[in-house]
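J.: Make a model of the complete structure from these sequences and hints.
Here's the letter readout for the chains.
Number of protein chains: 2
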Amino acid sequence: MSLLVIGSMALDTVETPFGKNIDVLGGSAVYGSVSASYFTDVKIISVIGKDFPKAHMRLLKSKGIDLSGVQVKKGKSFRWEGKYDWNLNSPQTLATHLNVLSDFRPVLSDFDRKCDFIFLANNDPELQLDIISQASPAKFMAADTIEFWINNKRSKLIKVLKGVDIFIINENEARLLTKEPNLVKAAKAIISLGARKVIVKKGEHGLLYVTKRSFFATPAYPLETIYDPTGAGDSFAGGFLGFLANTKHLNEASYRKALIYGTIMASYSVEGFNLKVLSALNRRLIEKRYKEFEKLVRF
Amino acid sequence: MSLLVIGSMALDTVETPFGKNIDVLGGSAVYGSVSASYFTDVKIISVIGKDFPKAHMRLLKSKGIDLSGVQVKKGKSFRWEGKYDWNLNSPQTLATHLNVLSDFRPVLSDFDRKCDFIFLANNDPELQLDIISQASPAKFMAADTIEFWINNKRSKLIKVLKGVDIFIINENEARLLTKEPNLVKAAKAIISLGARKVIVKKGEHGLLYVTKRSFFATPAYPLETIYDPTGAGDSFAGGFLGFLANTKHLNEASYRKALIYGTIMASYSVEGFNLKVLSALNRRLIEKRYKEFEKLVRF
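Chains D and W are the protein sequences, given in the same order. The numbering of the first sequence is the working numbering, which starts it at 1 and goes up by one. The numbering of the second sequence is the working numbering, which starts it at 1 and goes up by one.
Hint data in this document are derived by calculation from the structure and do not stem from the laboratory. Just so you know, these numbers come straight off a predicted model, no measurement behind them. Think of the CB as a built atom: it goes at the ideal place given N, C-alpha and C, for glycine as much as any other residue. Hints are not guaranteed to be accurate.
[Unchecked claim] Below are the EDC-like pairs computed for lysine to aspartate or glutamate, each with C-alpha atoms no more than 20 Å apart in a straight line:
no.	chain 1	residue 1	chain 2	residue 2
1	W	K202	D	E171
2	W	K202	D	E147
3	D	K295	W	D41
4	W	K185	D	E271
5	D	K185	W	E271
6	D	K162	D	E147
7	W	K248	W	D41
8	W	K202	W	D130
9	D	K185	W	E224
10	W	K291	D	E294
11	W	K212	D	E292
12	D	K185	W	E292
13	W	K257	D	E292
14	D	K212	W	E292
15	D	K114	D	D130
16	W	K185	W	E147
17	W	K212	D	D130
18	W	K188	D	E292
19	D	K291	W	E252
20	D	K188	W	E292
21	W	K83	W	E147
22	D	K202	W	E224
23	W	K188	D	E224
24	D	K114	D	D41
25	W	K212	W	E252
26	D	K197	W	E224
27	D	K295	W	E252
28	W	K212	D	E294
[Claimed, not checked] Some chain W residues well away from chain D (every beta-carbon gap over 10 Å; in silico):
no.	residue
29	P53
30	W80
31	D103
32	K114
33	D116
34	D124
35	D130
36	P137
37	A138
38	T211
39	P219
T.: Structure below.
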């Protein structure tokens, strides 16, 4: 099985209390695909400018990621600048330069359409809907979003969450989307809006996973040191979908295992600046932490 | 085995977005002992004024709680007034009238000293230390606290956490006590201060349980409707200690089960105003929710 990741490739400038990194490799498709690469074959659909460092492409290639769907356009690559304060919660966005991403309109190839799993990372819901219609025979689609689209394209976003198999959202976004302060109610309200399955990410507090018939809650992997939360959500989604794409039977048990693998990948991701730790993992380290996690939560 | 609960009996006036209740039964010893009464024999050590309604005493008696350690003094009972806003997080304290509680200096009887388990609910750390010295042959002691004592009697409080078997604290208090924003580090810092075991309560996000050698994390029981968070922490402690007091072997497995029973009791407690739901439970309902919880978190 293979996973198609459709999202941004970025040059990030990120400041945390532990340091500042300028124009480093980032973007939702990058975190998602590197994380998924430990579990399954991954192809990125994205766009970069002529200025995108070759070293970054080599790193992605070294993870076995198929980059044939990455368009190289005249102009500058997408750039994001953010700053985290001591509590390391949601960052303050200092600048967003869409550059070549502003007219990103992916057209899926026949190969792409045959990918069983598709991750629609955060993007304009209209663009996500367009991909959903192109990819409709896909076995499994997941979508993520951000507050901006909830505020500005709510009705389109609701079409997206109806059109995918699983909708991934963080706790603040879930509250914003549903006007429901209680997270359990918010998750159920997203199901009422038409989502088949929803994951509500709670950062250091873990996640909720809700369907019409089931409910799952897990804490996060406890970390003493978080260097850079950038990409945690996409690393989670990559691990979750990568594991599922490599699983024979999609059922409640495999979804739950996949949620824990996502949790593990997010925990590694935030332990280093940008992709430093996430890109240097191997399956043995992932299984080791998965087993530690089992011990931490069993009763 | 039996549990001694030493803390306040109160007349609470509590306002939540769902209603206001005036001079209702409350206090740490009340929530703790009612919660524990479903698991083990409980005796309260506390003080009330002549104005304490007889109906409240009858309710506690109906739960089989030994009230022979409740002194009735001239004057008014302890009163607390608080208000919760929509997010139902920590309440705003509107008034605290210590009244008869202000010169509460419990002296343990020979019977009390033979209780195997003692819960030192929130109180002046000097008073908690006095009880620790009186009760030193006890098998197991647990203590709780509040921000006020962290700010005002830090060094005495550190003696308390060294003197008990398990120290129970909420996330904000843990951060305040250790000056450590990361909760995992904060919990470990409390162990470094000399605690043998620490429980960090995170409300709707569950809890961490940390010892020198082990780490446990669990989410809370997911609730759609929280009417009144008052007493949640003491209901947790009562369920936790009540279960332990009725357990043959104290080991990591029984501590973890006890933490889940505490979680279940807190979840029931906040589902009704004051003690309405907590006092109307039975073992079947508790076991039912425990089993549901197992299903919610298993992977």
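J.: If a hint holds in the structure, say so; if it does not, say that too.
T.: Cross-check of the supplied hints:
{"no.": "1", "hint": "K202(W) <-> E171(D)", "result": "holds, 16 Å"}
{"no.": "2", "hint": "K202(W) <-> E147(D)", "result": "violated, 26 Å"}
{"no.": "3", "hint": "K295(D) <-> D41(W)", "result": "violated, 32 Å"}
{"no.": "4", "hint": "K185(W) <-> E271(D)", "result": "holds, 14 Å"}
{"no.": "5", "hint": "K185(D) <-> E271(W)", "result": "holds, 14 Å"}
{"no.": "6", "hint": "K162(D) <-> E147(D)", "result": "holds, 18 Å"}
{"no.": "7", "hint": "K248(W) <-> D41(W)", "result": "holds, 15 Å"}
{"no.": "8", "hint": "K202(W) <-> D130(W)", "result": "violated, 29 Å"}
{"no.": "9", "hint": "K185(D) <-> E224(W)", "result": "holds, 5 Å"}
{"no.": "10", "hint": "K291(W) <-> E294(D)", "result": "holds, 19 Å"}
{"no.": "11", "hint": "K212(W) <-> E292(D)", "result": "holds, 16 Å"}
{"no.": "12", "hint": "K185(D) <-> E292(W)", "result": "holds, 18 Å"}
{"no.": "13", "hint": "K257(W) <-> E292(D)", "result": "holds, 19 Å"}
{"no.": "14", "hint": "K212(D) <-> E292(W)", "result": "holds, 16 Å"}
{"no.": "15", "hint": "K114(D) <-> D130(D)", "result": "holds, 17 Å"}
{"no.": "16", "hint": "K185(W) <-> E147(W)", "result": "holds, 19 Å"}
{"no.": "17", "hint": "K212(W) <-> D130(D)", "result": "violated, 54 Å"}
{"no.": "18", "hint": "K188(W) <-> E292(D)", "result": "holds, 18 Å"}
{"no.": "19", "hint": "K291(D) <-> E252(W)", "result": "holds, 18 Å"}
{"no.": "20", "hint": "K188(D) <-> E292(W)", "result": "holds, 18 Å"}
{"no.": "21", "hint": "K83(W) <-> E147(W)", "result": "holds, 17 Å"}
{"no.": "22", "hint": "K202(D) <-> E224(W)", "result": "holds, 17 Å"}
{"no.": "23", "hint": "K188(W) <-> E224(D)", "result": "holds, 9 Å"}
{"no.": "24", "hint": "K114(D) <-> D41(D)", "result": "holds, 13 Å"}
{"no.": "25", "hint": "K212(W) <-> E252(W)", "result": "holds, 12 Å"}
{"no.": "26", "hint": "K197(D) <-> E224(W)", "result": "holds, 18 Å"}
{"no.": "27", "hint": "K295(D) <-> E252(W)", "result": "holds, 11 Å"}
{"no.": "28", "hint": "K212(W) <-> E294(D)", "result": "holds, 19 Å"}
{"no.": "29", "hint": "P53", "result": "holds, 33 Å"}
{"no.": "30", "hint": "W80", "result": "holds, 25 Å"}
{"no.": "31", "hint": "D103", "result": "holds, 41 Å"}
{"no.": "32", "hint": "K114", "result": "holds, 30 Å"}
{"no.": "33", "hint": "D116", "result": "holds, 23 Å"}
{"no.": "34", "hint": "D124", "result": "holds, 31 Å"}
{"no.": "35", "hint": "D130", "result": "holds, 35 Å"}
{"no.": "36", "hint": "P137", "result": "holds, 30 Å"}
{"no.": "37", "hint": "A138", "result": "holds, 25 Å"}
{"no.": "38", "hint": "T211", "result": "holds, 13 Å"}
{"no.": "39", "hint": "P219", "result": "violated, 4 Å"}
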